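K.L.:
Residue numbers (this note's numbering), protein chains in the order written: chain A, 1 to 315; chain B, 1 to 236.
Just a sample of chain B residues kept apart from chain A, beta carbon distances all over 10 Å, derived:
1) Arg21
2) Arg43
3) Thr104
4) His105
5) Val108
6) Asp122
7) Gln136
8) Ser158
9) Pro196
10) Lys202
11) Arg212
Non-contacting residues of chain B with respect to chain A, defined by C-beta distances greater than 12 Å in every case (computed):
12) Phe23
13) Pro24
14) Gly56
15) Phe66
16) Arg92
17) Pro107
18) Phe111
19) Gln129
20) Arg153
21) Asn230
Now the in silico label distances, taken between C-beta atoms and shown as ranges:
22) B:Thr15 x A:Arg239: 32 to 42 Å
23) B:Ser158 x A:Arg147: 52 to 62 Å
24) A:Pro54 x B:His5: 32 to 42 Å
These are calculated hints, taken from the structure and not from any lab test.
All values derive from a computational prediction rather than experimental measurement.
Every residue, glycine too, gets a C-beta built ideally from N, C-alpha and C.
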Amino acid sequence: MSDALHNPVFRIYFAVLMGLLVFAGALLAILRLALHKNVDHAWKAYRGWLIMIPPVFAALLIGRLATIVFFTAVAIGAFIEFARATGLYRDWWMTSIVILGITAVGVVSAIDDPDPAKHVHGWYGMLMALPVYVVAAIMMIPILRDRAKGQLQPIALSVVGFVYIGWMFGHLSFLANAKNAYGYLLYLLFAVPLNDIAAFTFGRAFGKTKMRPNISPNKTWAGSIGALAVSMLLPWLVRFSFPGFGTTELILTGVIVGIGGQLGDLTISVMKRDIGIKDMGAVIEGHGGVLDRVDSLIYVAPLFFHMARYFAGLS
Amino acid sequence: MDEWHYDPTPDFDQTPIERLRGFPRHPNLFVYAARTLANLIVRLILRLGNRLEIEGREHLPAGESFVMVANHASHLDAPALLAALPLAQVHRAFPAAAADYFFTHLPVLAFSAIVMNAMPFDRKENPKQSIDACRQLLDARGHVLILFPEGTRTTDGSIGAFKPGIGFLAAGTDVPIVPCHIDGAFRAWPKGAWVPRPRKLKLRIGAPVRFRDMRRVKEDAVQIAETLRNRVIALQ
Chain A
1 MSDALHNPVF RIYFAVLMGL LVFAGALLAI LRLALHKNVD HAWKAYRGWL IMIPPVFAAL
61 LIGRLATIVF FTAVAIGAFI EFARATGLYR DWWMTSIVIL GITAVGVVSA IDDPDPAKHV
121 HGWYGMLMAL PVYVVAAIMM IPILRDRAKG QLQPIALSVV GFVYIGWMFG HLSFLANAKN
181 AYGYLLYLLF AVPLNDIAAF TFGRAFGKTK MRPNISPNKT WAGSIGALAV SMLLPWLVRF
241 SFPGFGTTEL ILTGVIVGIG GQLGDLTISV MKRDIGIKDM GAVIEGHGGV LDRVDSLIYV
301 APLFFHMARY FAGLS
Chain B
1 MDEWHYDPTP DFDQTPIERL RGFPRHPNLF VYAARTLANL IVRLILRLGN RLEIEGREHL
61 PAGESFVMVA NHASHLDAPA LLAALPLAQV HRAFPAAAAD YFFTHLPVLA FSAIVMNAMP
121 FDRKENPKQS IDACRQLLDA RGHVLILFPE GTRTTDGSIG AFKPGIGFLA AGTDVPIVPC
181 HIDGAFRAWP KGAWVPRPRK LKLRIGAPVR FRDMRRVKED AVQIAETLRN RVIALQ
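Generate the whole structure from the sequences, applying the supplied hints.
P.N.:
Set out below in structure tokens:
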């Protein structure tokens, strides 16, 4: 992963995203200034995108290590929001162990495989083994402080925090080691939010039957099917993103993003509804917290990673 | 199976800037780590660059909340007073800082909240409310409030009149008020200078005073302020 400016995949995604941002900005300006429509909510979300997109492109532009550091920082930020929202944050030992575990995901993604025969960036074997060590460390904390009462909840929250938010999302960092890193990463970063937007748009236009009223009352079957259709189509439109993919892999990519993205969204909704909160945080204007923004990616990233690794290989 | 009880941190839905601006602040792992490290560095700079000398540490009350009051001629005053406390106590020590100066622009706000653990004091619009907030802070055990009763840094290094706010805060309570005198801060970093100079600093800590028999009225508040000013001057 280097020399982004000379990478055709990077350049195409950059141009498309800039074009979309300019188009969306112009559309909102026309709606607001010429047609006097109330677009405050959309405007806030748009400004949020303007804040989020530059650091992502900056990290990708700088290269592999910057990308790994960026995604690791995002994973830590997302976990801290989860810890704050659940109250786990009050337990600094548990919180610290999970943060260290997430940092370790970044480190094993950044270093080379110690097996000299492999000559590859990223220690895949340790990435797969890390949950064992981190869960073992989490289990050790109550024993070290000789406390049993009320310990199962922080243990469970820490394991979910590390495995789901830290490790599963951390697969995105490891993708920076792939030969086709720009294609995989930019596709995921582009397709997953597009899947969310498609679900919202189709739901608003055609949605009648609620999909999961006890989890996320605004989601409808029409929105879900519309999003799946868009996500199934997209890999064929941006086929240049996956040089090693055949028909099976492109279909699987569509299914993983189309269904996995929605499941990721609903998973965080389950957590929020159980806790009784609307958003996980307030760090991104118009989007809520980091976790609210990356919820779908958490689910999609590892599924896509292992599919791509199995069928096409990373290096 | 019973439902789990979740207890989100009270500031979970605030932006980072709102969290820094708000008071009381809720414990934050990263802020605590950054504050500990920054205070270590500040102490090192004060010790090596300004040859900070501290006398009278034995007067600092142990196991109860107290107020440190001192003369104010420099931005070095609060760091010097914080340096007199054990490092672990900096998270429970709150220099009262002018909200209109220290809590408006982001870099200064971040430094005030993260490094200094400053408490925003509204000296213009609603000082009474700020004094009430100080009182609440002192109700909890083990808190240290750092106050500069002159209200601002002096421009000539002399000790100005103490405002009666400290009197209203101390009157009728058993909270120990510890008079302190900082010498050399005006020479090291006077008002208007951009960077501190390596001049010697000396902090003298006096015996604590309590004003439990005084009433929370103007005359007594003025008298308390004057008594404390005299105690600070006596440490010169």
